[in-house]
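Visitor: Dock chain B against chain A, hints included.
Protein chains: 2
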Amino acid sequence: MKSITSRDNPLYKELRHLATSSQARRKAERTLLDGVHLCEAYLQHGGVPQLCVVAESCLAHHEVDPLLARCAASGTQTICLPDVLYNALSQVEHGVGLMFIIATPNPALPKSVDQSSVVLDNLQDPGNLGSILRSAAAAGIKNIFCSSGTVFSWSPKVMRSGMGAHFLLNIYENVHLEELLKDVRIPVLATSSHAAETIYQVDLNQPVVWLFGHEGQGVAPELMDLATHNVTIPQRGEIESLNVAASAAICFFEQVRQSL
Amino acid sequence: MKSITSRDNPLYKELRHLATSSQARRKAERTLLDGVHLCEAYLQHGGVPQLCVVAESCLAHHEVDPLLARCAASGTQTICLPDVLYNALSQVEHGVGLMFIIATPNPALPKSVDQSSVVLDNLQDPGNLGSILRSAAAAGIKNIFCSSGTVFSWSPKVMRSGMGAHFLLNIYENVHLEELLKDVRIPVLATSSHAAETIYQVDLNQPVVWLFGHEGQGVAPELMDLATHNVTIPQRGEIESLNVAASAAICFFEQVRQSL
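From first to last, the protein sequence lines are chains A and B.
Offset between the first sequence (1-based) and the working numbering: plus 1001.
Offset between the second sequence (1-based) and the working numbering: plus 1001.
Isolated chain A (complex conformation) (with noise of 0.2 Å):
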């Protein structure tokens, strides 16, 4: 194990960088998993971190040090960081100092779209994300597709909301959403406060794409064209939205429900 002790080290330098830039970050291809219950989920799915960073005080840490443990058994390095620079990396308050750098997954395209699948539109909030991301994965849902000017999912604001979903999930970022969607031959289906058919008169055992737009302005038109049904959530109060990650979690659960 390697100890850091100096703010001006140029590996400490880069790990601030890819800490603090989500530019940088994207740039570099890489990202941070923060803290013990993410680095844990992905070893658990199999994931080799490029790096261990670890704070000074956490180093005989009960949940630490079997971590640490499976970190030099494959090979990953490990640094050791006084914590007041360890703090400066993480944004974790309170939490257990552990966190991995990783190669930010970036899987192929697939040939097709025949698994239940999330299409997401200019999503913005990534606590939002994360819970969609987390959804999904308990549905069973596998595979992710977000348009260019979607909030970037492996950001560590989006993978703390996501708990650990997205070592389950095929995320494709920058897809292109119209070309994905011409080819799609299950149902694609997007949610609308104006449309006649509910969810539960919808088929859900099958396949189904389901698409969510920005919080805000939805579904771009040009992308709602593309649905094969425009469904709504039935709803009994005087306010007639829901939150979208909340949307998507009534939607993903009644697919459950109906395969029950």
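Derived by calculation from the structure, the hints in this document are not laboratory data.
Because the structure is a prediction, the values reported are computed rather than measured.
Do not rely on the hints blindly, as some may be mistaken.
If several chains are the same, the list does not tell them apart, and a pair holds so long as it fits within one copy or across any two.
In silico DMTMM-like pairs for lysine to aspartate or glutamate, Cα to Cα no more than 20 Å straight-line [unchecked claim]:
#1 Lys-1014 x Asp-1115
#2 Lys-1183 x Asp-1226
#3 Lys-1158 x Glu-1216
#4 Lys-1158 x Asp-1126
#5 Lys-1143 x Glu-1241
#6 Lys-1143 x Glu-1239
#7 Lys-1158 x Glu-1179
#8 Lys-1158 x Asp-1204
#9 Lys-1143 x Asp-1115
#10 Lys-1183 x Asp-1115
#11 Lys-1014 x Asp-1226
#12 Lys-1014 x Asp-1204
#13 Lys-1183 x Glu-1223
#14 Lys-1028 x Glu-1015
#15 Lys-1158 x Asp-1115
#16 Lys-1003 x Asp-1084
Guide: Same frame as chain A, but now just chain B:
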């Protein structure tokens, strides 16, 4: 309309205090509605603000103008601020510069809980609370009971995420949940990943209490003991958990579905 141009003006200092300190808002029993959408929803549901604050550059904005007229008609004073002073009060970036100061609603507890309700034990995340309030309002559930450890409902963050749902609901805060639940005669449902009964097997065509807890620790054991049903949302993936706001949306809308 009165103009304030100095940071040292006592009323401006008071506003600044309200805008930046959650403690100040609790103590004054007043809160801020930040942005045109929330202000409009408040008026629409019969609210009368204590004070209206407008940014100078938005005085003639087409969405602001009718709201200023309604404030004038109801005798609410409007204060105009230079943009630089206004922006120091607002958390909304690139928004239309209008806010209301209102008395924080603080309804008296009902004599009995006989309508469908939501009970929140130590919920921590403002975005989750706002999403739950929005989903409840959309599902036609009116009563929300929050423990003293639950995040404050009338904070600007929760209100932004609630999108006006607050004004459709009776939100009871600092409620002693054990005392409340002891006297409840309708089913009290708590979600649990270990339960044998699914939400689809429970008769939701009757008023029920939905009980949700802390994002990490769930519902406190002494409250779980007061639930009449432990129910599960069947899942299909390797992840055995959902975000609490996603769970709540699925539960509330399963109740709506059963009522169709």
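Visitor: State for each hint whether it applies.
Guide: Structure-based check of each hint:
For the homomeric pair Lys-1014 and Asp-1115, neither the shortest alpha-carbon distance inside one copy (44 Å) nor that between copies (60 Å) is at most 20 Å. In this assembly of identical chains, Lys-1183 and Asp-1226 lie within 20 Å of each other by CA distance solely inside one copy; the values are 10 Å within and 52 Å between copies. For a Cα distance limit of 20 Å, the shortest separation of Lys-1158 from Glu-1216 qualifies both inside one copy, at 17 Å, and across copies, at 16 Å. With identical chains, the CA atoms of Lys-1158 and Asp-1126 are at most 20 Å apart both within one copy (10 Å) and between copies (13 Å).
Taking CA atoms no more than 20 Å apart as the test, Lys-1143 paired with Glu-1241 passes between copies only; the shortest distance there is 15 Å, against 30 Å inside one copy. For the homomeric pair Lys-1143 and Glu-1239, the shortest alpha-carbon distance between copies (11 Å) is at most 20 Å, but the shortest distance inside one copy (35 Å) is not. In the homo-oligomer, the alpha carbons of Lys-1158 and Glu-1179 never lie at most 20 Å apart, since the shortest distance is 28 Å inside one protomer and 34 Å across protomers. In this assembly of identical chains, Lys-1158 and Asp-1204 lie within 20 Å of each other by CA distance neither inside one copy nor across copies; the values are 35 Å within and 38 Å between.
Within a single copy, Lys-1143 and Asp-1115 get their C-alpha atoms as close as 11 Å, which meets the 20 Å cut-off; across copies the closest is 41 Å, which misses it. When the C-alpha separation of Lys-1183 and Asp-1115 is checked against a cutoff of 20 Å, the pair qualifies only within one copy, where the shortest distance is 13 Å, while the shortest distance between copies is 50 Å. Taking the closest pair of Cα atoms, Lys-1014 and Asp-1226 never come within 20 Å of each other, the shortest separation being 47 Å inside a single copy and 51 Å across copies. In this assembly of identical chains, the alpha carbons of Lys-1014 and Asp-1204 never lie at most 20 Å apart, being 53 Å within a copy and 58 Å across copies at closest.
For a Cα distance limit of 20 Å, the shortest separation of Lys-1183 from Glu-1223 inside one copy, 11 Å, qualifies, whereas the shortest one across copies, 54 Å, does not. In the homo-oligomer, the alpha carbons of Lys-1028 and Glu-1015 lie at most 20 Å apart inside one protomer (12 Å), although the nearest pairing across protomers, at 45 Å, exceeds that limit. In this assembly of identical chains, Lys-1158 and Asp-1115 lie within 20 Å of each other by CA distance neither inside one copy nor across copies; the values are 30 Å within and 40 Å between. For a Cα distance limit of 20 Å, the shortest separation of Lys-1003 from Asp-1084 inside one copy, 15 Å, qualifies, whereas the shortest one across copies, 51 Å, does not.
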